Amino acid sequence: MRWSNWALGQMVLARLREFYREPEAVFWVYGFPILMTIALGVAFRENPEPQYRVDVSSGSESSSVTSTLETEKTSKGDPRYLVKTLERDEAIARLRSGKSDLFVHASGRKFTYLFVPTRPESKLARDEVNNLLQRAAGRIDPVNNTSEELNERGGRYIDFLVPGLLGMGLMGGGLWGVGFVTVDMRIRKLLKRLVATPMRKRDFLASLMVSRLIFMVPEVLVLLLFAWLAFDVTIAGSLWAVVFLILLGAFSFAGLGLLIACRAKTMEAVSGLMNLVMLPMWVLSGIFFSSERFPEFLQPFIRLLPLTALINALRAVMLDGMSLLSQWSELLTLVLWGSVSFVLALRLFRWS
Amino acid sequence: MNTAIRCSQLVMTYPGRPPIEAVRSLDLEIARGECFGLLGPNGAGKTTTIEILEGLLTPVSGEVEILGRRWGNGEDDEVRQRIGISLQETRLSEKLTIRETVTLFRSFYRSGLDPDEAIARVSLQEKAHARVGKLSGGQRQRLAVACALVGDPELMFLDEPTTGLDPQSRRQLWDIIRDFRRQGRTILLTTHYMDEAEKLCDRVAIVDHGQVIALGSPAELIARLGGDHVIELSFAEEGPVMPAEQFAELPGVLAARAENGTICLRVSQLHTVLPAVLDRVEEQSVPLSRLSTRHASLEDVFVQLTGRHLRDEGEA
Ligand SMILES: Nc1ncnc2c1ncn2[C@@H]1O[C@H](COP(=O)(O)OP(=O)(O)OP(=O)(O)O)[C@@H](O)[C@H]1O
Ligand SMILES: [Mg+2]
Chain A
1 MRWSNWALGQ
11 MVLARLREFY
21 REPEAVFWVY
31 GFPILMTIAL
41 GVAFRENPEP
51 QYRVDVSSGS
61 ESSSVTSTLE
71 TEKTSKGDPR
81 YLVKTLERDE
91 AIARLRSGKS
101 DLFVHASGRK
111 FTYLFVPTRP
121 ESKLARDEVN
131 NLLQRAAGRI
141 DPVNNTSEEL
151 NERGGRYIDF
161 LVPGLLGMGL
171 MGGGLWGVGF
181 VTVDMRIRKL
191 LKRLVATPMR
201 KRDFLASLMV
211 SRLIFMVPEV
221 LVLLLFAWLA
231 FDVTIAGSLW
241 AVVFLILLGA
251 FSFAGLGLLI
261 ACRAKTMEAV
271 SGLMNLVMLP
281 MWVLSGIFFS
291 SERFPEFLQP
301 FIRLLPLTAL
311 INALRAVMLD
321 GMSLLSQWSE
331 LLTLVLWGSV
341 SFVLALRLFR
351 WS
Chain B
1 MNTAIRCSQL
11 VMTYPGRPPI
21 EAVRSLDLEI
31 ARGECFGLLG
41 PNGAGKTTTI
51 EILEGLLTPV
61 SGEVEILGRR
71 WGNGEDDEVR
81 QRIGISLQET
91 RLSEKLTIRE
101 TVTLFRSFYR
111 SGLDPDEAIA
121 RVSLQEKAHA
131 RVGKLSGGQR
141 QRLAVACALV
151 GDPELMFLDE
161 PTTGLDPQSR
171 RQLWDIIRDF
181 RRQGRTILLT
191 THYMDEAEKL
201 CDRVAIVDHG
211 QVIALGSPAE
221 LIARLGGDHV
231 IELSFAEEGP
241 VMPAEQFAEL
251 PGVLAARAEN
261 GTICLRVSQL
271 HTVLPAVLDR
281 VEEQSVPLSR
291 LSTRHASLED
301 VFVQLTGRHL
311 RDEGEA
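These protein sequence lines are chains A and B, in that order. Per the numbering used here, the first sequence runs over residues 1 to 352. Per the numbering used here, the second sequence runs over residues 1 to 316.
Don't read these hints as lab results, they were simulated from the structure.
Which bits of chain B does chain A cover? Going by a derived footprint, with three or more residues having C-beta under 8 Å, they are:
{"hint": "1", "segment": "79–91"}
{"hint": "2", "segment": "107–121"}
Cross-link-like lysine-lysine pairs, in silico, BS3-like; alpha carbons within 27 Å at most:
{"hint": "3", "chain 1": "A", "residue 1": "LYS265", "chain 2": "A", "residue 2": "LYS189"}
{"hint": "4", "chain 1": "A", "residue 1": "LYS189", "chain 2": "B", "residue 2": "LYS134"}
{"hint": "5", "chain 1": "A", "residue 1": "LYS123", "chain 2": "A", "residue 2": "LYS76"}
{"hint": "6", "chain 1": "A", "residue 1": "LYS110", "chain 2": "A", "residue 2": "LYS73"}
{"hint": "7", "chain 1": "A", "residue 1": "LYS110", "chain 2": "A", "residue 2": "LYS99"}
{"hint": "8", "chain 1": "B", "residue 1": "LYS127", "chain 2": "B", "residue 2": "LYS95"}
{"hint": "9", "chain 1": "A", "residue 1": "LYS265", "chain 2": "B", "residue 2": "LYS95"}
{"hint": "10", "chain 1": "B", "residue 1": "LYS95", "chain 2": "A", "residue 2": "LYS189"}
{"hint": "11", "chain 1": "A", "residue 1": "LYS73", "chain 2": "A", "residue 2": "LYS123"}
{"hint": "12", "chain 1": "A", "residue 1": "LYS84", "chain 2": "A", "residue 2": "LYS110"}
{"hint": "13", "chain 1": "A", "residue 1": "LYS189", "chain 2": "A", "residue 2": "LYS201"}
{"hint": "14", "chain 1": "A", "residue 1": "LYS189", "chain 2": "B", "residue 2": "LYS127"}
{"hint": "15", "chain 1": "A", "residue 1": "LYS123", "chain 2": "A", "residue 2": "LYS110"}
{"hint": "16", "chain 1": "A", "residue 1": "LYS123", "chain 2": "A", "residue 2": "LYS84"}
{"hint": "17", "chain 1": "A", "residue 1": "LYS201", "chain 2": "B", "residue 2": "LYS95"}
Because the structure is a prediction, the values reported are computed rather than measured. Glycine residues also receive a C-beta, built at the ideal position from the N, C-alpha and C atoms.
All chains, full assembly: derive it from the sequences and hints.
What follows is the structure, encoded as structure tokens:
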């Protein structure tokens with residue numbers, strides 16, 4: 001059989017060509033994960049130590065306060081407190097409009113603080129400034145203490161987040177990627193034209209799934225590489241196990257995408273269905289925080305969702321270095337979702 | 001087995017309020033090697049009929065036999081290997097080139113033409129590497145026909161292959177169809193162009209409101225009218241107008257009707273009737289602005305049968 005006669009191959013090729021010849025689609029599919037990881041990069045970059053804006057009252061008793069605050073430095077050597085000497089009225093106006101975090105007035109052996117309790121940085125500034133001034137005035141802590149920061153790889157939020165984002169991307173890509181293309185072809189009557197040929201229907205559906213698996217590779221690579229280079233996120237378990245999980249996830253969601261699109265006649269209909277299916281998983285499957293936080297009676301249902309299975313298995317392999325076999329129930333869930341959807345889609349599919 | 005297509009008592013009703021009876025008891029029998037035309041106004045039921053024959057729609061009732069087989073008997077793929085189809089409206093993928101599109105369609109068939117050969121048959125060789133999105137309407141239609149041809153079918157269905165094309169593109173498509181017909185293969189096409197049906201088809205069925213109202217070769221249908229000439233008279237715009245009845249009584253005039261200020265007379269013996277018509281105009285001393293004669297056409301057949309024009313918006 002010549003390659004040029006191989007219908008499945010030809011159909012996959014056609015999908016690939018249609019895709020990469022559409023620059024906008026390429027941008028959205030590959031640009032989006034890049035934008036998202038960049039946004040995350042900004043959100044999770046190492047927190048700079050905070051600087052507080054402190055106003056000090058202009059009386060002569062306050063001048064020692066000013067000098068104490070001004071000598072305090074951050075670990076990078078920047079001033080810790082941006083100090084201004086002001087009259088009380090003016091300082092209150094600044095506090096109110098958020099231009100400063102704290103107002104300090106010293107008289108006799110008494111410090112008076114003015115702060116805004118609803119602004120966390122205002123409260124923090126009050127506590128830190130008070131500690132500093134009390135120590136400068138001779139306070140000694142009764143118990144020794146040291147603080148350690150936990151920044152171990154694998155235990156950080158970003159390590160937890162990357163598998164979640166990976167799963168979310170696979171779900172969105174699979175559902176939209178397959179669903180939209182299918183409905184678009186139906187609207188263009190191309191599906192009708194195709195069934196008018198001896199094309200095998202399962203070849204057609206399989207071509208949609210296969211092309212989805214191919215498109216997904218760069219998408220996933222972008223996210224994983226960026227997470228590795230920018231945040232040093234690594235994989236504790238086997239790389240092949242992760243690859244396998246990603247392929248299985250993509251297969252599962254491509255099947256689901258086919259099922260959702262199997263009868264829809266308009267883009268509106270398919271978008272509605274798509275959101276209906278994705279919403280519970282966005283909320284429940286533990287993309288941004290562990291799904292264990294939901295009440296116990298919801299857990300059996302949550303565990304049946306394909307996104308939960310995918311993200312849990314990815315986390316087990318990527319964070320805890322577990323083997324694939326230990327995740328058999330997640331694997332089974334994904335296989336079932338993918339294959340049952342595919343078979344159902346094949347039977348229910350509306351070609352015209 | 002010399003019948004390519006046979007259908008009887010085909011009925012198709014679309015759900016709606018009231019239900020739309022698109023096809024009402026339609027019978028057809030099309031022989032192998034025939035070029036057969038379904039002719040009818042918009043909404044007559046041509047597309048519905050042809051899609052039932054293609055096995056794309058399931059009729060409410062009625063029998064269909066294509067190349068001796070029925071749809072839904074587990075032999076659909078066998079039939080599909082042997083037929084080629086062009087739908088009334090299909091938007092092929094704009095991002096693919098002609099050659100890629102035809103190759104894709106070729107891959108569905110066990111045997112067939114080389115994609116380049118199919119492209120050559122519709123004279124698109126020079127455009128083989130152009131994207132479908134950049135083609136003109138006529139080129140797209142020819143591409144659609146190339147996709148129908150590439151499986152080397154015995155039977156081809158073309159739904160309005162020439163609608164909206166300029167005369168030159170239409171003639172190019174006619175050549176492709178004639179070529180196919182010359183190889184002894186069967187074509188069923190739909191059209192609402194009379195001249196096309198007359199020039200191209202061995203037989204036509206005129207369809208109106210989902211029924212066949214006339215069936216035969218174009219020449220037969222025209223001959224059945226009785227007179228095969230038409231005289232058309234127009235009067236000066238602001239001048240007096242003569243009613244059509246004034247001519248109907250003249251001997252040799254088979255039918256007379258007025259439309260849009262023009263009087264059409266269908267006559268059998270042009271050379272004897274024409275002088276009488278002119279005498280009548282002379283008697284009334286009404287100034288004529290235009291006088292012409294032509295051969296009767298399928299259009300006249302349709303008007304005779306329905307009192308409407310084929311190209312009027314169908315009221316169905
Ligand atoms: N999917 C459908 N649902 C409901 N009604 C339909 C559908 N398709 C066609 N019809 C109706 O059935 C009738 C026949 O339509 P059909 O498309 O067969 O006509 P046609 O002869 O092909 O017309 P045209 O020359 O405009 O292509 C029309 O009244 C049309 O409105
Ligand atoms: Mg039609």
